[in-house]
Amino acid sequence: MNELALERKPSILRELMKNHATASKNVVFIGEGLPHPETIPFSEVSFTLKDGTKKVFTGSELVTAINYLPTQGNPKLVQKLREFMDRFHAPLRWEDRDVIATAGSQDGLSKVIEMSLQKGDAIVVADPVYSGLASNVRPYKAQLISAQYRKNGLDTVEMKDKLTAIWSSRSKDVKIPKILYINPVANNPSGHVISDEQKREIYEIACEFNLLVLEDDPYYFLGFQDELPKSFLSMDTENRVVRFDSFSKIFGGGLRAGWMTGPKEIVRIVEMHMQVSVLHASSLTQAIVLQILEEQGWDGFLDYTKNVKEFYRKRRDQMVALADKYLTGLAEWDVPEGGMFLWVKVKGVSDVLAMVMERGLKKDVMLIPGHAFMSDPTKPCPYIRLSYSLVPMEDVEKAMQRLAELIKEEQAIESQK
Amino acid sequence: MSQSVDYDRFINDLSARRKVSPIRELTKLFTTAPPGTIFLAGGIPNGSTFPFSRMTVELKDGATFKLEGKKIENALQYQPTPGYPPLVEQLQKFQTQVHGLDSTFWQKNSLLVSTGSQDALCKALEMSLSEGDPILVQEPIYPGTSAIIRPLNANMVPIGQDEHGIVPSALRSALSNYGSPEKVSSMKKDVPKLLYLNSTGANPTGATIPAERKKEIYDIACEFNLVILEDDPYYFLHFEEIDPVSFLSMDRDSRVLRFDSFSKILSSGLRVGFVTGPKELVSRIELHTQASTMHTSALSQAIVSSLLDEWGSEKLLQHFKMIQQFYKGKRDCMLASANKHLKGLAEWSVPRAGMFLWIKVPGIADTKKLITEGGIEHGVILVPGKDFLAYDDAQSQYFRASYTVASPEDIDKGFARLANLIKAEIA
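Listed in order, the protein sequences are those of chains A and B.
For the first sequence, UniProt numbering assigns the number 1 to the initial residue and increments by one for each residue that follows.
For the second sequence, UniProt numbering assigns the number 1 to the initial residue and increments by one for each residue that follows.
These are computed hints drawn from the structure, not numbers from a lab.
Computed from a predicted structure; not experimentally measured.
Glycine included, each C-beta is placed from N, C-alpha and C at the ideal position.
Among the hints, erroneous ones may be present.
[Said to hold, decoys possible] Estimated spans, in silico, between C-beta atoms of each pair: (1) B:N420 x A:R138: 55 to 65 Å; (2) A:S24 x B:V350: 25 to 35 Å; (3) B:S4 x A:K50: 50 to 60 Å; (4) A:E15 x B:G132: 19 to 29 Å; (5) B:V350 x A:L302: 57 to 67 Å; (6) A:G300 x B:N420: 51 to 61 Å; (7) A:R138 x B:T372: 37 to 47 Å.
I would like the entire structure built from these sequences, with the hints used as guidance.
If you want it as structure tokens, here you go:
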């Protein structure tokens with residue numbers, strides 16, 4: 001933890017709210033500045049699901065859905081999330097861990113970064129890496145120590161070699177990393193899923209080099225394998241994993257429904273930072289998520305996620321078929337093992353920046369150049385990320401045709417240089 | 001006459017290093033791209049996989065509105081960081097109307113919807129403060145804010161309040177310790193650059209800064225090149241005939257960051273607030289938001305937006321009037337109990353806005369000790385004044401009582417018990 005994190009103290013008024021909840025009924029609290037329910041204009045909020053089920057929040061349930069909550073979250077939801085983690089990850093040493101609901105999983109991630117990083121610190125990542133991580137660490141001028149994804153998964157030899165070199169370096173300029181960030185299921189942008197076996201290797205490396213493992217797993221239920229992967233959390237014997245879960249890809253990113261599971265001390269720091277910033281994740285979002293989880297039960301939830309997974313798998317197949325048809329010989333890719341992105345390496349083009357940002361726009365196709373996902377975004381990069389989540393397949397086909405032309409034109413330009 | 005403010009002065013190194021997400025930039029580009037442009041650059045999930053078909057909201061006045069079809073899909077989908085576009089537009093109109101903003105205002109300033117106003121305030125302080133920086137704050141100060149400032153190792157320079165808020169001469173005097181206005185205005189380090197205050201119904205004193213005094217304070221801010229952090233969650237919870245005049249409304253220089261909240265007027269749990277201020281500063285807050293919460297809950301924003309649409313300005317103003325009447329009644333109830341039980345033992349000013357009564361107990365040196373030791377035993381809990389001070393080693397003779405939620409019976413019981421507690425201590 002950096003100095004800023006160590007100096008955080010609990011917010012007095014938020015702690016008072018906790019005390020109120022557990023105090024004897026005989027004590028009169030006239031301290032808290034809460035709005036009076038009578039001034040709140042809502043009388044009922046209800047939602048209907050596509051499967052026909054309906055839930056109405058009125059009375060005290062509405063109060064819980066509409067008013068201030070403890071920072072950790074709606075207490076029933078927090079308990080439900082603990083049970084969720086038990087069901088899917090069975091973490092060891094529960095007494096040393098805790099759970100907190102966050103306004104999207106990324107807010108938890110951001111706060112752990114802010115808890116830990118100091119200017120110039122190093123952090124271990126897998127390349128290519130989610131651009132949201134970069135947004136959080138670059139302001140700290142962080143050095144990214146990267147291991148590459150290759151055909152057989154993450155290059156753990158490279159990871160171990162780089163870490164060994166850092167630890168044995170005598171140079172003052174070489175910072176020893178304390179954190180490993182990883183998006184192990186359907187890595188954004190490359191779509192790789194790290195095997196359980198490889199996870200164990202990585203976990204051992206984290207133990208050996210004393211790294212905190214930030215397991216950022218919003219696509220956990222969108223891996224295309226039949227079995228759910230084993231998480232880092234599930235193998236965390238040393239209590240060094242901080243795991244970020246999300247309902248964004250399942251119930252809706254707009255809800256801002258995420259949660260963090262980690263060592264108590266770390267959850268506490270994040271809680272204190274949340275106490276003075278967001279205060280807590282939206283009460284309504286939490287009430288809705290709780291209701292759905294209670295309604296579905298674990299089996300129902302799994303069935304539901306399977307449908308979502310099938311939706312994306314089908315689209316992956318369609319996009320990969322189109323890539324085969326139009327881009328064979330022009331580009332290379334690994335078939336995504338989950339999630340919603342195809343990570344394409346353009347052949348014969350060392351840097352796609354101009355191709356995508358200038359010539360691509362003129363051809364009426366918008367893609368993401370891979371630079372945004374590389375630990376060194378200034379280096380030439382031949383990758384592009386394509387999303388198969390939204391665009392109708394007829395349009396994807398058009399886009400693939402345009403992309404094929406774009407690449408051929410670009411290869412010609414490059415070969416003339 | 002307005003000056004041109006150099007906003008770099010107010011942005012620390014870390015904030016200055018925040019960069020726009022290329023994906024968000026491309027998404028913005030797409031909105032102006034020619035028709036027929038195919039967008040494979042997105043990173044958002046497919047809304048057809050979300051389980052909701054409809055949300056319905058009923059209001060106490062009988063009005064109902066639904067979110068279905070495209071509206072519910074939007075309410076569940078990722079949004080631009082500044083906010084759900086219909087709501088941003090509504091709020092800009094709202095601000096223009098309420099604060100009398102002129103036609104050029106939105107050229108220099110912008111608005112961002114935040115996850116509660118406090119998230120924007122937290123990000124503003126994290127944007128601007130560096131280790132060792134002094135910051136001018138009203139004292140007593142809302143502990144939520146001092147809890148943001150302290151870990152940043154910034155030094156709070158407390159400015160005392162009277163019943164009308166911070167005292168301009170105290171502010172000027174504190175600033176003069178750092179040098180002349182010319183000197184202070186031009187320095188980036190070791191001088192205060194921010195002034196934090198509550199404009200209306202300050203937490204905990206209940207003070208509202210009158211328009212004239214605000215003008216004095218604003219002039220001092222211009223002289224010494226300060227940015228004013230106008231934290232105003234109780235703006236509509238006043239007990240006057242007309243709405244207060246805000247710092248935002250007099251901001252000819254664009255040096256006010258104003259924090260508004262729906263927490264005390266519509267819903268605290270939805271977590272919807274908004275910040276209005278100079279583009280250069282709001283954009284820093286936007287970038288930090290992009291990397292953390294990404295945006296305020298779209299569902300919350302869609303609900304607030306639909307409610308504002310449903311009601312229109314007239315019903316909204318009626319709602320505010322209802323709240324004002326309600327809290328005024330609660331205030332009067334607490335004042336009656338205070339007069340009954342605490343006369344001679346304690347002193348207080350009549351709050352002209354907000355939720356709190358700020359009670360001084362002249363016969364006691366430190367109310368924190370009193371309530372910690374005797375509170376549970378006597379069966380009454382209020383917040384001790386020490387919690388609202390800038391410095392840990394200071395003592396306070398004050399309590400903060402809130403009249404918003406407790407029943408009249410509880411308030412009366414509470415004050416009776418407080419009186420006993422005080423008498424026992426003085427004896």
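Right, here's what the structure says about each hint:
For the pair N420 of chain B and R138 of chain A, the supplied restraint of 55 to 65 Å holds, since their beta-carbon distance comes to about 59 Å. At about 32 Å, the beta-carbon gap between S24 of chain A and V350 of chain B stays in the expected band of 25 to 35 Å. A C-beta distance of roughly 54 Å is found between S4 of chain B and K50 of chain A, which places it inside the suggested range of 50 to 60 Å. For the pair E15 of chain A and G132 of chain B, the beta carbons lie near 28 Å from each other, so the given range of 19 to 29 Å is met.
Taking 57 to 67 Å as the suggested C-beta distance range, the pair V350 of chain B and L302 of chain A conforms, at roughly 60 Å. Against the hinted window of 51 to 61 Å, the Cβ-Cβ separation of G300 of chain A and N420 of chain B comes to about 56 Å, which satisfies the hint. For the hinted restraint 37 to 47 Å between R138 of chain A and T372 of chain B, the CB-CB distance of approximately 45 Å keeps it satisfied.
Checked against the numbered hints above, the structure violates none of them.
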